[in-house]
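Based on the hints, put chains B, C and D in the right spot on chain A.
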Amino acid sequence: MKYYITVNGKEHQVDVVERLGVLDVTVDGKTLELDYEEVDNLGQVAVLCDGKSYGLSIEGDEHKLSATIAGHLYAVEIEDERERAAHAAERAQAKGGGLVKAVMPGIVVKLLVKEGDTVVKDQPLLILEAMKMQNEITAPSDGVVKVVHVREREAVSGGAKLVLLATAT
Amino acid sequence: MKYYITVNGKEHQVDVVERLGVLDVTVDGKTLELDYEEVDNLGQVAVLCDGKSYGLSIEGDEHKLSATIAGHLYAVEIEDERERAAHAAERAQAKGGGLVKAVMPGIVVKLLVKEGDTVVKDQPLLILEAMKMQNEITAPSDGVVKVVHVREREAVSGGAKLVLLATAT
Amino acid sequence: MFRRILVANRGEIALRVIRTCREMGIEPVAVFSDVDRKALHTRMAYNAVSLGGALPRESYLDMDKVIAAAKSTGCEAIHPGYGFLSENAEFAERVTKEGLVWIGPPPAAIRGMGDKITSRRNMTRANVPVVPGLTDPVADADAALAAAEKIGYPIMLKAAAGGGGKGMRVVRSKNDMASAFRTASGEALSSFRDGSMYMERYLDEPRHIEIQVLFDKHGHGVHFGERECSIQRRHQKLIEEAPSVVITPELRKKMGDIALAAGRAVGYENAGTVEFLYSKGDVYFLEMNTRLQVEHPVTEMVYGVDLVREQLRIAYGEELGYDQSSIQPRGWAFEVRINAEDPFNNFVPSIGTISNLRAPGGAWVRLDAALYRGMEVSLNYDPMLAKLIVWGPDRMSAIARMRRALQELNVGGVRTGAPAALRVLEDERFQRGEFDTGFLGTLDLSKPSEGEDLIVAAAAAIHRHLLARRRALGTSASSRGAWQARSRERHTNYPPHRPEAARAKEAQR
Amino acid sequence: MFRRILVANRGEIALRVIRTCREMGIEPVAVFSDVDRKALHTRMAYNAVSLGGALPRESYLDMDKVIAAAKSTGCEAIHPGYGFLSENAEFAERVTKEGLVWIGPPPAAIRGMGDKITSRRNMTRANVPVVPGLTDPVADADAALAAAEKIGYPIMLKAAAGGGGKGMRVVRSKNDMASAFRTASGEALSSFRDGSMYMERYLDEPRHIEIQVLFDKHGHGVHFGERECSIQRRHQKLIEEAPSVVITPELRKKMGDIALAAGRAVGYENAGTVEFLYSKGDVYFLEMNTRLQVEHPVTEMVYGVDLVREQLRIAYGEELGYDQSSIQPRGWAFEVRINAEDPFNNFVPSIGTISNLRAPGGAWVRLDAALYRGMEVSLNYDPMLAKLIVWGPDRMSAIARMRRALQELNVGGVRTGAPAALRVLEDERFQRGEFDTGFLGTLDLSKPSEGEDLIVAAAAAIHRHLLARRRALGTSASSRGAWQARSRERHTNYPPHRPEAARAKEAQR
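The listed protein sequences correspond, in order, to chains A, B, C and D. Here the numbering used here is used: position 33 in the first sequence is 66, and no number is missing along the way. Here the numbering used here is used: position 104 in the second sequence is 137, and no number is missing along the way. Here the numbering used here is used: position 441 in the third sequence is 443, and no number is missing along the way. Here the numbering used here is used: position 278 in the fourth sequence is 280, and no number is missing along the way.
With the rest of the complex left out, here is chain A (with noise of 0.2 Å):
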């Protein structure tokens, strides 16, 4: 099977090809010797490759997932092909403008936008408040407000949709 592996905003090519109950694992074309054993059905992980012990915390599921090694944090995003075809296909419609999203959970405490408003890059489109902490969130890039998805007051989701941007023409 072949795997598209983000770590850290870089990505990596990985095949993993199971054959008489051991696994092949390439990376970016190179065969890592690798000795991968559970620990528990918590994410601990046991790695032994390349002259080199290491022991794994894996946090997540089976497209986006966190590992730890010694204290460091790794962000790792996984797709497979057919995974990695239908997002290229989002990313190339969404393409310009963009959609704000929530980094946290929190309340809208106030819109600074409405929809049909042109903003700059970096500009405040709300103030989302969360841990009493107020966070201005503000434009990605350039464009044009087209979708405004909440209301002052809402509570939302870490994830949810805010504020849709069109591109600016």
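Mixed in with the good hints there might be a few duds.
What the hints assert, rightly or not - Just a few of them, taken from the derived set where beta-carbon distance is under 7 Å, the chain C residues facing chain A:
no.	residue
1	Pro351
2	Ser357
3	Asn358
4	Gly453
5	Glu454
6	Asp455
7	Ala461
To be clear, the hints were calculated from the coordinates, so they are not data collected in a lab. Just so you know, even glycine gets a beta-carbon here, dropped at the ideal spot from N, CA and C.
Just chains B, C and D now, kept in the frame of chain A:
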């Protein structure tokens, strides 16, 4: 449901009745006002009762478990009415003699008795080696060796039958 | 000594107080909101009383409920921890009026230091040096703009009634003032119901240094030297240490004397902390925190003193029983706050269920936490999950120990700021002691770690592969946890540790 | 300093050495048997090398494999921990011959202290006081009976090549000699391949007290005072402390001088421990352990010294750099060994899978362990799972802290001796310091704890009830974890913390 619960050798009778999602619990005839909350699926339990808080750790199965409160260990055996009747019958059968079981896994280093031998209470029956310590296993009462279940150099698991004694006649 | 006390708090500080109570033979009674029914502080207390509610104002901030809990369980005193009602003079008064002992300073002392403006006035009167700025708060952005011209940029905006980094902003030019005032004042309004802001000059290369003091009820006061808390994100402390590299014995004595004078000026009793801004050799009074600080453990490690024990002794009326000359520091201590937050995404809060825990161990490593597997981390409460504290005979060995301990720690289920702390501790400027309160902002935390990317990529692929495989095969395959990529046995000269027979059997599964 | 070393051990001591290595910037390489592939010491090391096998002799005791592992990974030195090959002079010699550094005493010093008879001869020559008894071992029960008449009962039988309590018996009269000799000699034969027994007088009210020494390669030697290890079951230590209540400063100095003389008599280098029997004010040399002791942490806590760091520095050739006058104790420390054993059933071993773990936390609590959830505790290795260590400013506060820490500890899945340790710490005679090596045997551990029986009975019934209910309803009901017995809301004056709506909904489930 009625349970017979032996805590550190002392038996208590406990009735548990579920009514409208609330449990009525009576111990030895006294109704306890008790808030029982499972913290995880690994045996951590938070109990509030009669003006005190208890952080319990429960390990074991439905018949035999240990409960730890603030470092103190309580050995518990649980029987419902059906099991109690069955066990009573077993105990009646074995009366007077008895089955000597391995209290721990180990290796039988030496047999000191053979079938037909008459033994007195505390007489060594065999030597069991575990964790590199040699332990003399002694007769729980006077009696006659009816069956020797093991051979020298045999590895036995914890709870394995070692010697069956019959009442001396 | 008290026979039974109420601990009017939750989380690690509740457990911290409970632990000292247990060691002193005092029966600690916990309180809990509905969401905290299973929390460790309820399970490790002698008794635990439900306050109902989920939000702080329905539970831990509800004075009536807390006092009722203390009285109904026969408590003699209330320890407030930090946060919640700990600096509430009205609550302290009510506790006393109900015939209970308040384990903290007298209400008048809390008020005297209660908001930054009152304390600034009191301190100016007591000849304690303060940061240049306004004594009176401003209510809107226009007034702020006008005042800023007099004080001079950069300006620090601070909520008049604030604390904990909420309602604070640095304003570097007048163009930023309106936006900064709006968000800071909004935070202050929502957190403290008071949107007025205090303005002062933002000093160059500022370092946050504070002095721990203790006053008994018999007129004795001592200080336990300084803590440095300059490593902050969003004006909240991340790493604290004791002592500080910039504090000489002479300056320590000077700051200690100022701190004791500050406390005496308001009739202080019990434990307190006087915060200073240090800039290029000069120190300025910032505020006094009239409670136990989050970072008190670094002082405990260096001075060998249990500050909660001292609080209880003082509140009970005991004399300190020692003087300043007997208080000597030994070695160096660090604390890292383990918050549920994403250090690679501007420290936004992270929520989830604690799915896995690996506590660091070994010598001179202390974990103050109330974490347990299965715990829900929500937005209801402060995101601080734990404090990791280490001691070492000198600063570099303490840094090395903290790095080792952070590497052992694993809190699965939420993101924590621990990787950011690790980056700080690895930085040579930090190791040399060259940093100020802006240090964390100068680190590029988004820069990926190096070297282990390929291992992570491979492990992630195998992880996904096994998940998919298990799903396909059902639970029967779930016990299969070991996978070996080919040729591993070539690493060593003796036979592979997995015999051929076992390997063949695996292939059949 | 070394760049990379091999840690030729497993369990908590391997992790202990790994931790210090990481703090010193040394790359620690672990070794592991097949059953230890997932052990924490392999995961926290820089590299980990398979030794194959499950039994000690197939893995950690196999000199060829251990040396090959060190050489194949580019290690410069080997730290043996305790047990396994740590006191094997032949191994130490081979390590040196292979061009590696042995982190321990020279082979000649190991041999000079290696068996009790040789060391006794050496010590008698050096005018070190020894316990009355035979210098030569006896081979059978008849010889033992004859010799006992000369020495006088009670007699202590000890394996000539022994250690760790194996092959030891107290014989109180000649009627018991044959049986005691048979089992003790059998143990010795199986453990050390030498069944010969050493006999000495068993002294009255004996206390086990030992002195920690360090010698560098430049002729300097110091001692770090005493540890008392009198709380033992089956001749194995359960609780250790430093300092000891019976040791005066004068006696400490005297014992320290004897210990240093003992070490010098065999040309000692690195860390070692000289064990004494204390009886009514007199002390007698017992043996010297030519390695790090299990209980070394209590010394570390009281003296603020990392003994493993000192071992590495000495082995690398560094000078100690300090002298006896700079070594001063501070406060009191205790260690409790957490063994997988059943204290209520004569401490027989307990095996199982670690299903749950709750590590104690807070100030001055140290856990040296290699435990993890999912770990299999088998009979292959020593039953010691962890060591819990606390420090306090005085003995009573350290006892209180240890009791608190033991109450927090939970090792689910196996039984441990912790409840027995708690009983000891609760005992007033122990608290007064009135105990000897027979103390644990005088406690009736089978006596049930009191007061909480009804709670346990009720909880057990509910536990079983819920298990049965879930089985009947299938997994859909498994998330139901809260049960309330009726009338609980009467406890407090404010509304019940579970609203009626939620309660009604529960009833429908």
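Status of each hint after checking the structure:
no.	hint	in the structure
1	Pro351	5 Å, holds
2	Ser357	6 Å, holds
3	Asn358	4 Å, holds
4	Gly453	10 Å, violated
5	Glu454	5 Å, holds
6	Asp455	5 Å, holds
7	Ala461	6 Å, holds
The structure shown violates just one earlier hint, number 4.
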